[in-house]
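Asks: Chains as they are written, first to last, in this note's numbering: chain A, 3 to 150; chain B, 75 to 272.
Hints are supplied without guarantee of correctness; some may be wrong.
[Said to hold, decoys possible] List of simulated lysine to aspartate or glutamate pairs, EDC-like, C-alpha gap at most 20 Å:
1) B:Lys192 to A:Glu114
2) B:Lys192 to A:Glu136
3) A:Lys11 to A:Glu53
4) A:Lys15 to A:Asp55
5) A:Lys79 to A:Asp55
6) B:Lys192 to A:Asp117
7) A:Lys87 to A:Asp67
8) B:Lys263 to B:Glu251
9) B:Lys198 to A:Glu136
[Unchecked claim] Heads up, incomplete: computed chain A residues facing chain B, CB under 10 Å, no partners named:
10) Val133
11) Leu134
12) Trp135
13) Phe138
14) Gly140
15) Pro142
16) Tyr147
Calculated from the structure, these hints are not laboratory results.
For each residue, glycine too, the CB sits at the ideal point set by N, CA and C.
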Amino acid sequence: MTLVLSTEKLATKLEQQLPGSIIKSNKDNLLVNSGFLFNLASFLKTAPGLEFDFLSNITAVDYYDYFEVIYQLTSTKHNHSLVLKAQCYGRDNPVLPSLVSLWRGADFQEREIYDLMGIKFEGHPNLKRIVLWEGFQGHPLRRDYLSW
Amino acid sequence: MEVGPTGRYIYSDVDLDQHEGEIIEELKAHSQQPLPDPDHWLQGKPERGIMLTSVEAILNWARRSSLWSVVCFPACCSFEFIATAASRHDISRFGMEIIRASPRQADLMITAGTLTWKMAPSVKRIYDQMAEPKWVIAMGACAISGGIFQASYGVTPGYNHIIPVDVYVPGCPPRPEALLYGINMLQNKIAKAEIIKK
Chain A
3 MTLVLSTEKL
13 ATKLEQQLPG
23 SIIKSNKDNL
33 LVNSGFLFNL
43 ASFLKTAPGL
53 EFDFLSNITA
63 VDYYDYFEVI
73 YQLTSTKHNH
83 SLVLKAQCYG
93 RDNPVLPSLV
103 SLWRGADFQE
113 REIYDLMGIK
123 FEGHPNLKRI
133 VLWEGFQGHP
143 LRRDYLSW
Chain B
75 MEVGPTGRYI
85 YSDVDLDQHE
95 GEIIEELKAH
105 SQQPLPDPDH
115 WLQGKPERGI
125 MLTSVEAILN
135 WARRSSLWSV
145 VCFPACCSFE
155 FIATAASRHD
165 ISRFGMEIIR
175 ASPRQADLMI
185 TAGTLTWKMA
195 PSVKRIYDQM
205 AEPKWVIAMG
215 ACAISGGIFQ
225 ASYGVTPGYN
235 HIIPVDVYVP
245 GCPPRPEALL
255 YGINMLQNKI
265 AKAEIIKK
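Given these sequences and hints, build the entire structure.
Replies: Written out as structure tokens, the structure reads:
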């Protein structure tokens, strides 16, 4: 069984490493300052004792006021997992850093979120629609998208 | 010929070979002339072997009796189609046991599944590649109208938006019996087709 890491201890450790990176430490996830997201993820991937070498899943939620992107990280070496959340604001041009250069598994999932939610991932090598076709108007998983 | 301890005859190889030789010699002696071919019933009056019908009826009979289906399985109705084709429901009773991977060798498209707009050009292309005459059976709610996904942003609301449909088989998914009934209806439709132009 994969161990879910205690976020409180981890948040203190990360806050020491990257001051200002953690906005809030919830019971089972960390809300991350999106400006620090890439550096934080890079640290989580390489730091001894953490070594999150596998990005299990990325998903996104539309909360009207902001979008929240949720990253589920797993370490196959230590068999533990962690949930990161990052928020981005604005409905016209929400932006987050891309994690493709850390985990190749992020490639298609970031493209899917771009396609259906309209969140841009800066640094993605091939950010274009993946499920829908080129020329489709709008992003259909947004709450204000009406198809009829 | 000796009798063994269990009461059976003991044959020697020499005895067996001699017996075999006698059988061959006897058959050869009785088979010096070829037997007559069994064709005496062909010598009857010519009208015995003739049935009058129209060319159209014969062509339609030939066409409807060997409908070869092309592979078009975008979603879950395909499993009912596979069940229809397998041994229990046995689609080959209707002369269509062959499911062609190549549209050029097929004359029936059974559209088993939801069609998305992204997939639609490929399905239309497959339909265009099929040789005439060709028919389409829309199988299941999604194929007829888009089904529960009708209002979706990505789903084509019915195959009849991109290709002409001959028979609609409702259900979600239709049972194999329903699909077979639809195939029978298509065969009845083909039987009425006018193919000779004056």
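Asks: Does each hint hold? Answer for all of them.
Replies: Against the structure, the hints come out as follows:
1. B:Lys192 to A:Glu114: Judged against 20 Å, a Cα distance of about 15 Å means the pair holds.
2. B:Lys192 to A:Glu136: Distance of about 10 Å is within 20 Å: holds.
3. A:Lys11 to A:Glu53: With a Cα-Cα distance of about 16 Å, the restraint between Lys11 (chain A) and Glu53 (chain A) holds, given a limit of 20 Å.
4. A:Lys15 to A:Asp55: Given that 20 Å is the threshold and the Cα spacing comes to 19 Å, the pair holds.
5. A:Lys79 to A:Asp55: 8 Å, holds
6. B:Lys192 to A:Asp117: 14 Å, holds
7. A:Lys87 to A:Asp67: 15 Å, holds
8. B:Lys263 to B:Glu251: Since the Cα atoms of Lys263 (chain B) and Glu251 (chain B) sit roughly 18 Å apart, the hinted pair holds (cutoff 20 Å).
9. B:Lys198 to A:Glu136: At roughly 19 Å apart (the allowed maximum being 20 Å), Glu136 (chain A) and Lys198 (chain B) satisfy the hint.
10. Val133: 7 Å, holds
11. Leu134: Holds - the Cβ of Leu134 (chain A) comes within 10 Å of chain B, reaching about 6 Å at its closest.
12. Trp135: 5 Å, holds
13. Phe138: The hint holds - Phe138 (chain A) has a Cβ within 10 Å of chain B, the shortest such distance being about 8 Å.
14. Gly140: 8 Å, holds
15. Pro142: 4 Å, holds
16. Tyr147: 8 Å, holds
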